[in-house]
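Peer 1: From just these sequences and the hints, can you work out the full model?
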Amino acid sequence: MAAIDIQGLEKTYMVGFWRKQPKCALHSLRLTVEQGEIFGFLGPNGAGKTTTLKLLMGLIFPTAGCARILGREWTDPEIKAQIGFLPEQPYFYDYLTAHELLEYYGQLSGVPAKNRKRRVEEVLRQVGLLEVRGVQLRKFSKGMLQRVGIAQAILHDPSLVFFDEPMSGLDPMGRREVRDLMEQLKLAGKTVFFSTHILSDAEALCDRVAIIHKGRLRGVGAVADLTSSVQGKVELIWQGTQVPASLKLLGVECHLTGDTVRAVVAENQQDAAIDALRRERLRLIAITPVRTSLEDYFVEKLRSAETTAGRTA
Amino acid sequence: MNTRIAYIASNTFREAVRDRVLYNLIAFALLLSGAAILVGQISIDIEKLVVINLGLTAVSLFGVVIAIFIGIGLVSKEIEKRTLYTVLSRPVRRWEFIVGKFFGLAGTLVVNTFFMAVGVFAALLYVSHKFVRADALILVALYFIVLEFLIVCSLSLLFSSFSTPLLSAVFAFSFFVVGSFAEDLRGFARMAHGVTRWLALGAAYLVPNFSALNVIGSIAHEQPVAAQLILQNTLYALFYAAMVLSAAVLVFERRNLK
Ligand SMILES: Nc1ncnc2c1ncn2[C@@H]1O[C@H](COP(=O)(O)OP(=O)(O)O)[C@@H](O)[C@H]1O
Ligand SMILES: [Mg+2]
Numbered sequence: 342m343a344a345i346d347i348q349g350l351e352k353t354y355m356v357g358f359w360r361k362q363p364k365c366a367l368h369s370l371r372l373t374v375e376q377g378e379i380f381g382f383l384g385p386n387g388a389g390k391t392t393t394l395k396l397l398m399g400l401i402f403p404t405a406g407c408a409r410i411l412g413r414e415w416t417d418p419e420i421k422a423q424i425g426f427l428p429e430q431p432y433f434y435d436y437l438t439a440h441e442l443l444e445y446y447g448q449l450s451g452v453p454a455k456n457r458k459r460r461v462e463e464v465l466r467q468v469g470l471l472e473v474r475g476v477q478l479r480k481f482s483k484g485m486l487q488r489v490g491i492a493q494a495i496l497h498d499p500s501l502v503f504f505d506e507p508m509s510g511l512d513p514m515g516r517r518e519v520r521d522l523m524e525q526l527k528l529a530g531k532t533v534f535f536s537t538h539i540l541s542d543a544e545a546l547c548d549r550v551a552i553i554h555k556g557r558l559r560g561v562g563a564v565a566d567l568t569s570s571v572q573g574k575v576e577l578i579w580q581g582t583q584v585p586a587s588l589k590l591l592g593v594e595c596h597l598t599g600d601t602v603r604a605v606v607a608e609n610q611q612d613a614a615i616d617a618l619r620r621e622r623l624r625l626i627a628i629t630p631v632r633t634s635l636e637d638y639f640v641e642k643l644r645s646a647e648t649t650a651g652r653t654a
Numbered sequence: 063m064n065t066r067i068a069y070i071a072s073n074t075f076r077e078a079v080r081d082r083v084l085y086n087l088i089a090f091a092l093l094l095s096g097a098a099i100l101v102g103q104i105s106i107d108i109e110k111l112v113v114i115n116l117g118l119t120a121v122s123l124f125g126v127v128i129a130i131f132i133g134i135g136l137v138s139k140e141i142e143k144r145t146l147y148t149v150l151s152r153p154v155r156r157w158e159f160i161v162g163k164f165f166g167l168a169g170t171l172v173v174n175t176f177f178m179a180v181g182v183f184a185a186l187l188y189v190s191h192k193f194v195r196a197d198a199l200i201l202v203a204l205y206f207i208v209l210e211f212l213i214v215c216s217l218s219l220l221f222s223s224f225s226t227p228l229l230s231a232v233f234a235f236s237f238f239v240v241g242s243f244a245e246d247l248r249g250f251a252r253m254a255h256g257v258t259r260w261l262a263l264g265a266a267y268l269v270p271n272f273s274a275l276n277v278i279g280s281i282a283h284e285q286p287v288a289a290q291l292i293l294q295n296t297l298y299a300l301f302y303a304a305m306v307l308s309a310a311v312l313v314f315e316r317r318n319l320k
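Taken in order, these protein sequences are the chains called A and B.
In case it helps, my numbering puts the first sequence at residues 342 to 654.
In case it helps, my numbering puts the second sequence at residues 63 to 320.
These are computed hints drawn from the structure, not numbers from a lab.
Note that beta-carbon positions come from the ideal geometry of N, C-alpha and C, so glycine has one too.
Misleading hints may appear alongside valid ones.
Claimed, not checked - DSSO-like cross-link-like pairs, simulated, lysine-lysine; straight-line CA separation at most 27 Å:
hint : chain 1 : residue 1 : chain 2 : residue 2
1    : A       : K361      : B       : K139
2    : A       : K361      : B       : K320
3    : A       : K483      : B       : K320
4    : B       : K320      : A       : K364
What the hints assert, rightly or not - A short list of chain B residues far from chain A (calculated; beta carbon distances all over 10 Å):
hint : residue
5    : L87
6    : A91
7    : I108
8    : V189
9    : L199
10   : T226
11   : V232
12   : G256
13   : W260
14   : A262
15   : S273
16   : L291
17   : A304
Claimed, not checked - Simulated coverage check for chain A against chain B, where a stretch passes if three residues somewhere in it have a Cβ under 8 Å from a Cβ of chain B:
hint : region
18   : 395-403
19   : 407-421
20   : 444-453
Peer 2: The following block contains the structure:
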């Protein structure tokens with residue numbers, strides 16, 4: 342049984358003043374997520390990630406298609422006890438304290454009364470909010486609300502969690518903690534499905550990712566497999582203010598900062614560039630692979646999609 | 063009762079209390095004691111009449127205003143602020159949310175009305191120094207006022223489930239005002255002819271009949287209330303509120319959240 346099996350889910354919003362103009366936010370999405378996976382749902386802003394998650398949570402209704410979650414129809418209210426959901430930029434009843442909110446959500450999720458208090462304290466400690474558990478949520482910062490959001494999503498010990506942009510609004514420490522938490526969930530046998538627009542958030546963490554753009558699924562697989570088609574780049578830094586003529590001939594852009602020069606070259610030009618530096622007896626300080634950002638990936642991928650489309654036309 | 067509904071209701075009550083809704087009681091107490099002291103100085107015969115009339119009318123108006131002002135935000139505000147996302151992604155049915163909100167708001171009003179009723183009886187004791195048997199009629203009037211609140215709560219919730227707070231307030235107040243003259247409206251409708259008659263009758267029966275629920279004038283003159291009217295009003299209010307709540311559920315079940 343797959344954890345999530347999305348069968349042609351589609352959402353068209355009606356926009357414009359009279360709501361007459363259709364805008365397709367999600368085109369017939371087919372996707373399967375296995376149990377025990379950390380699955381990244383990647384795409385730039387406006388790709389349709391939040392729309393997909395809201396459809397799966399039953400917050401909005403699809404124009405077509407359906408889905409199965411943990412082997413049941415996604416509309417079945419019973420499965421909600423086994424799933425957790427962190428919305429994008431979450432917001433909560435601000436007249437409650439963190440403790441009261443989690444207590445209330447524990448009641449709604451059917452956490453037995455005798456375990457509830459202990460469990461609430463446990464998740465508060467896990468997200469680092471134990472100290473401020475008695476503070477009203479209206480006094481919480483964005484990052485703290487994000488932590489409350491994570492706490493309420495894992496509160497009832499669900500076997501499948503959906504996180505929409507879980508790292509947003511967090512400082513580097515917080516991002517690290519969220520990453521660790523997702524790994525812990527995986528170790529405990531849970532399935533994690535999360536969306537992000539930052540490729541590096543997903544790279545180290547995900548077993549598989551899906552890439553979505555303008556409401557269409559562009560690829561599913563391990564991160565490395567997906568980005569291998571994209572030309573890698575390397576950053577070279579050397580001492581001095583000199584730029585070898587042969588490097589200029591390669592058309593490499595160089596930036597002078599103090600007494601070092603920085604240049605970014607394509608991976609297949611790396612050797613030629615290093616040879617050129619050696620010939621001039623320049624001291625190389627660093628060679629660093631440049632990470633392909635999701636944006637780069639898309640620029641590349643879309644350009645190739647457009648040229649093939651142009652050729653066939 | 064379904065426990066989730068009870069949890070949602072008690073959270074709704076807690077929200078009202080924390081939003082300092084019960085502070086209206088201070089204004090009510092000031093109004094009532096001011097009036098009691100004032101009429102106590104003027105005359106002997108009508109002071110009781112004034113206290114009962116004014117006190118119960120204030121109970122009704124304060125409550126209606128609270129029911130509308132809280133009710134119109136109960137659903138739309140939660141959609142707007144997206145606090146609903148983490149509620150509806152739990153094993154909470156949408157109808158349970160609506161019903162829970164209704165009971166929470168109704169509970170708030172019952173508690174509020176209880177304190178106001180204590181105030182009315184205190185003012186009465188102040189002006190007439192003793193209670194008589196006929197004063198028990200005030201309890202009937204208060205009961206009818208609570209029935210009125212149930213209807214106003216359900217209407218505010220219905221409007222809140224598809225409209226903005228501002229429009230909901232306009233709708234709810236219109237229903238309240240027109241409903242207060244429901245019996246006059248029915249009378250006029252019967253005098254009309256043709257299509258107008260049917261349209262007017264339809265409108266007159268669609269709005270809640272608050273005139274039947276208002277016995278303040280007659281009990282102030284110590285006229286008894288027929289048992290049949292109590293039964294009739296109870297059934298009417300419960301039926302009306304249930305219908306309106308069902309409509310709210312129907313609307314909300316289909317609604318795409320923002
Ligand atoms: N309620 C809505 N009405 C109209 N269009 C919407 C609505 N919600 C989202 N969209 C549109 O659907 C597309 C996908 O949005 P979304 O799912 O929020 O993207 P993501 O989460 O990937 O950034 C966007 O173009 C957005 O403008
Ligand atoms: Mg989004």
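Peer 1: If you test the structure against every hint from before, which numbers come out violated?
Peer 2: none
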